[in-house]
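For chain X, the structure is supplied; the task is to place chain R on it using the hints.
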Amino acid sequence: MKEKRHIIDTTLRDGEQGPGIALGVEQKIMIAKLLDELGVYEIEAGIPCLGKAEIESLERIIDTATTSKISVWSRMNKEDVKYSIACKPDIIHIGVPVSYVQIYNKFRKNKAWVQKMILECVEVALKHRTEVTVGFEDASRADVGFLVTLAMTLKKEGVNTIRLADTVGVLMVQKTREIVESIVSNVDIDIEIHAHNDLGMAVANSIEGAKAGAKYVDCTLFGLGERAGNCNMYDFIYATDSLYDYGIQKEEIRKIENAVKDMFYCVN
Amino acid sequence: MIKIIDTTLTTLDKYLLQKSDLYEFCKLLALIGVEYIELSKKMYDSMGKLPEGLSCKFLLHIDNVFDLPLYEKEGFYRFIYRHADGDVNIISEYQVNDIREIVQLKAHTNTSQVRIVGLDDMLCKDYVSEMNEIRKIFKRSEINFCPENTYKCATALAVQWILSGGKSITTSFCGSGNKASTEEVIMALRLAIRHKPNRDLSVLRELAALFEQVTGTAINSKKSIIGKDIFKIEAGIHADAVLKNPATYEAYDPSIVGGMTTLVLGKHSGRNAVRRKLLEHSIPIQDNFTIEKILKYVQGYSIQNSRSLTDEEFVRIARGVIMNERKKAHY
Numbered sequence: 353m354k355e356k357r358h359i360i361d362t363t364l365r366d367g368e369q370g371p372g373i374a375l376g377v378e379q380k381i382m383i384a385k386l387l388d389e390l391g392v393y394e395i396e397a398g399i400p401c402l403g404k405a406e407i408e409s410l411e412r413i414i415d416t417a418t419t420s421k422i423s424v425w426s427r428m429n430k431e432d433v434k435y436s437i438a439c440k441p442d443i444i445h446i447g448v449p450v451s452y453v454q455i456y457n458k459f460r461k462n463k464a465w466v467q468k469m470i471l472e473c474v475e476v477a478l479k480h481r482t483e484v485t486v487g488f489e490d491a492s493r494a495d496v497g498f499l500v501t502l503a504m505t506l507k508k509e510g511v512n513t514i515r516l517a518d519t520v521g522v523l524m525v526q527k528t529r530e531i532v533e534s535i536v537s538n539v540d541i542d543i544e545i546h547a548h549n550d551l552g553m554a555v556a557n558s559i560e561g562a563k564a565g566a567k568y569v570d571c572t573l574f575g576l577g578e579r580a581g582n583c584n585m586y587d588f589i590y591a592t593d594s595l596y597d598y599g600i601q602k603e604e605i606r607k608i609e610n611a612v613k614d615m616f617y618c619v620n
Numbered sequence: 095m096i097k098i099i100d101t102t103l104t105t106l107d108k109y110l111l112q113k114s115d116l117y118e119f120c121k122l123l124a125l126i127g128v129e130y131i132e133l134s135k136k137m138y139d140s141m142g143k144l145p146e147g148l149s150c151k152f153l154l155h156i157d158n159v160f161d162l163p164l165y166e167k168e169g170f171y172r173f174i175y176r177h178a179d180g181d182v183n184i185i186s187e188y189q190v191n192d193i194r195e196i197v198q199l200k201a202h203t204n205t206s207q208v209r210i211v212g213l214d215d216m217l218c219k220d221y222v223s224e225m226n227e228i229r230k231i232f233k234r235s236e237i238n239f240c241p242e243n244t245y246k247c248a249t250a251l252a253v254q255w256i257l258s259g260g261k262s263i264t265t266s267f268c269g270s271g272n273k274a275s276t277e278e279v280i281m282a283l284r285l286a287i288r289h290k291p292n293r294d295l296s297v298l299r300e301l302a303a304l305f306e307q308v309t310g311t312a313i314n315s316k317k318s319i320i321g322k323d324i325f326k327i328e329a330g331i332h333a334d335a336v337l338k339n340p341a342t343y344e345a346y347d348p349s350i351v352g353g354m355t356t357l358v359l360g361k362h363s364g365r366n367a368v369r370r371k372l373l374e375h376s377i378p379i380q381d382n383f384t385i386e387k388i389l390k391y392v393q394g395y396s397i398q399n400s401r402s403l404t405d406e407e408f409v410r411i412a413r414g415v416i417m418n419e420r421k422k423a424h425y
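Protein chains in written order, with this note's numbering: chain X, 353 to 620; chain R, 95 to 425.
Next up, chain R with everything else stripped away, as it sits in the complex:
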């Protein structure tokens, strides 16, 4: 069984999250298939008690071993603590900044559960051998791998760890805290090995909105899986093909993640795209000459403003051109 620990709620300590937001966040994570949620002490203290009725288990990240007795009876599945060799309730965490430090892990082989954090540079090296080396060192331990994202390779490393036989990884929503993105890893595993293929991921939109709200930040509109613009299409060369058969240019059905393919018009649009947009707005399809004229205006407006057109702008242009052509016809 693949174990994904989502650690987002250890990376947001600098924000003020309400109890209701935290409960909602956990609920949405559970809905996308996360079965293990890691909390910081601050987040747990804000919650007061763990949410009930969710299908996931909770872990607590502690910075001081003396905190352990305070939380031992709160219902946590495991605790995570740096260099806590030995205790069965604790996942012992080790930061490994680059692959040359892997050898130092040999000092901790008596640990039953271990988390390796870091190794940002692993993909630039012989990661197959290095992953095998980690498995060899901890051959009697359960290993959780938490790659960091300094070189934008964390998702690939987390997925590769699983594809090469690993069972457990740590990720965070939107890559918060420089980790692999939970949503990218879930989708990659779904496509690569049909991991939880029937899981409804459409709540990712809600999760993204909640994340933006509690952090006061905007998720990049091009962010994979959850960016608001990733399913927009404009290029004439591809738009027609996507609209006829989405599988030609889309890796997965956007509705799986709560999105939908949206045609926008701009510099690269073609006549077919104009026709489709007229139809979308219940404007009667025009003759080729008028379509061509609308297209020219659309392209010019787009270049002038260095962006695609909004639907309102398109409708205004289309109606203007059509009216003008009618007037000409009357003279």
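Isolated chain X (complex conformation):
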């Protein structure tokens, strides 16, 4: 019997974030409905702080989903988290910068500040009894020791899933295994792998992440996403069909892609 793994579709969040893509409310709802029917475990449906139209589409997706859990993405910012709470999703995902280039250059802060901020955000979200997952942004360029420490701290606070984001797409398969194994061997926490395709290795890194113990794999339709895109859902499931059970028929993914391709200027 094949092991279970779960697909998290982020077409409507990371996929849509790519330049050249601009979905309207009805288009987002239609795509979410098709993904829900497909049986993906979780649909990362958008970013509430983007405004009214985004919130409207999120609320309607949350209301109508029957199979998939619906998650929303939030920056590490209490105001953003409050926007997310207001949408009443199944899961609130909060991104936390973990590499030194992000912490020290982008935010001009330090690790202690990061830890304090993410714990405050998690506390706000958990108070509303929503499941919270935390995304380690730029994990591929981070100090693995810091990732393990942060994962331990978050687990104590009630976070059960950590997303490892290869934000700039520089992971090699060996490194993917090293990061996933370092965390799962030290912390009793679920791992979600989120790979980008800048070096053409998104599918390979997702496979290696799953083999090393990641329970969840982030994918998008057509491999959409910023720059060279994310892990292509069809390609990933096609490659690993003999290893894992996702509860998804890969042929159905192609049908969905055919049904929605006209919404994406960049894939035509």
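Calculated lysine to aspartate or glutamate pairs in the DMTMM-like style (CA-CA distance at most 20 Å, straight line):
{"hint": "1", "chain 1": "X", "residue 1": "K507", "chain 2": "X", "residue 2": "D540"}
{"hint": "2", "chain 1": "R", "residue 1": "K390", "chain 2": "X", "residue 2": "E378"}
{"hint": "3", "chain 1": "R", "residue 1": "K219", "chain 2": "X", "residue 2": "D597"}
{"hint": "4", "chain 1": "X", "residue 1": "K479", "chain 2": "X", "residue 2": "D442"}
{"hint": "5", "chain 1": "X", "residue 1": "K527", "chain 2": "R", "residue 2": "D220"}
{"hint": "6", "chain 1": "X", "residue 1": "K527", "chain 2": "R", "residue 2": "E224"}
{"hint": "7", "chain 1": "X", "residue 1": "K458", "chain 2": "R", "residue 2": "D347"}
{"hint": "8", "chain 1": "X", "residue 1": "K404", "chain 2": "R", "residue 2": "E386"}
{"hint": "9", "chain 1": "X", "residue 1": "K461", "chain 2": "R", "residue 2": "D334"}
{"hint": "10", "chain 1": "X", "residue 1": "K507", "chain 2": "X", "residue 2": "E475"}
{"hint": "11", "chain 1": "X", "residue 1": "K458", "chain 2": "R", "residue 2": "D334"}
{"hint": "12", "chain 1": "X", "residue 1": "K602", "chain 2": "X", "residue 2": "E389"}
{"hint": "13", "chain 1": "X", "residue 1": "K567", "chain 2": "R", "residue 2": "D220"}
{"hint": "14", "chain 1": "X", "residue 1": "K356", "chain 2": "X", "residue 2": "D542"}
{"hint": "15", "chain 1": "R", "residue 1": "K219", "chain 2": "X", "residue 2": "E355"}
{"hint": "16", "chain 1": "R", "residue 1": "K390", "chain 2": "R", "residue 2": "E406"}
{"hint": "17", "chain 1": "X", "residue 1": "K356", "chain 2": "R", "residue 2": "D220"}
{"hint": "18", "chain 1": "R", "residue 1": "K422", "chain 2": "R", "residue 2": "D381"}
{"hint": "19", "chain 1": "X", "residue 1": "K527", "chain 2": "R", "residue 2": "E344"}
{"hint": "20", "chain 1": "R", "residue 1": "K219", "chain 2": "X", "residue 2": "E533"}
{"hint": "21", "chain 1": "R", "residue 1": "K390", "chain 2": "X", "residue 2": "E408"}
{"hint": "22", "chain 1": "R", "residue 1": "K219", "chain 2": "X", "residue 2": "D593"}
{"hint": "23", "chain 1": "X", "residue 1": "K613", "chain 2": "R", "residue 2": "D323"}
Source of the hints: derived by calculation from the structure; they are not laboratory data.
Frame of chain X, contents of chain R only:
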């Protein structure tokens, strides 16, 4: 020393390539750091003779051993031929479709130079052990690994072969012929182990244009390293950070591969992006109210057309909004 054999010019036999295109293609491959170029007989026959003055060596892929005497004195570094056990001038090629077939390679251990082609599924298995097994079987041979890309893992496998001690791989430009992409492998090795870090890869754009021209196909705009849209940024959340410090969201400087970060406006843009775009087009920066108004129009136009805006569209919208606000101010 790492040996990368580029095999693109064995994968384009169905296209009609001119001699000048072939020479140009070889020249550009040499410029990006390829030191070994493999040709098919058809491509070599179109060339007439090997290009001179390039820093790379040439290999010829032959399908019939009786062809060997015809090309032996043409200056090729090596010949590649299937199951050619023994001859020192020939790299003996073996197709291995999945890892269960690796054991069959034990019948060919007397080969001094070997190329293993295939193993698409290797990454789904215990590839570390399987790579070691291949090295054990051919412990006295020079091994070239040519992973195929059915499961979109060829680049990762080629890079892993090198990172785990392998010396030689076969790739092709843009992954032509279902191989690992030469440009991805070169960039990955540059980032991972600083392989040829000073090599100017900006001619990749020319190489991509030539590839599109001779094959009559368009390279996917999101293709890693060479896609025309991969350095465009729009999302408000990231755009500002990238423009202030590219290292936050870019793996390498786009200019290395002949690209540049370009800000495009659309549904996800923010006020700062509008300000930057106005500046780019020498339109005076407006007050916050007007900026907000331009942004709303930009977002609406983007959603309506399901895409980002061209610069011309942005300028038209911005000028329209600014003019309208001025008129209102006069009344």
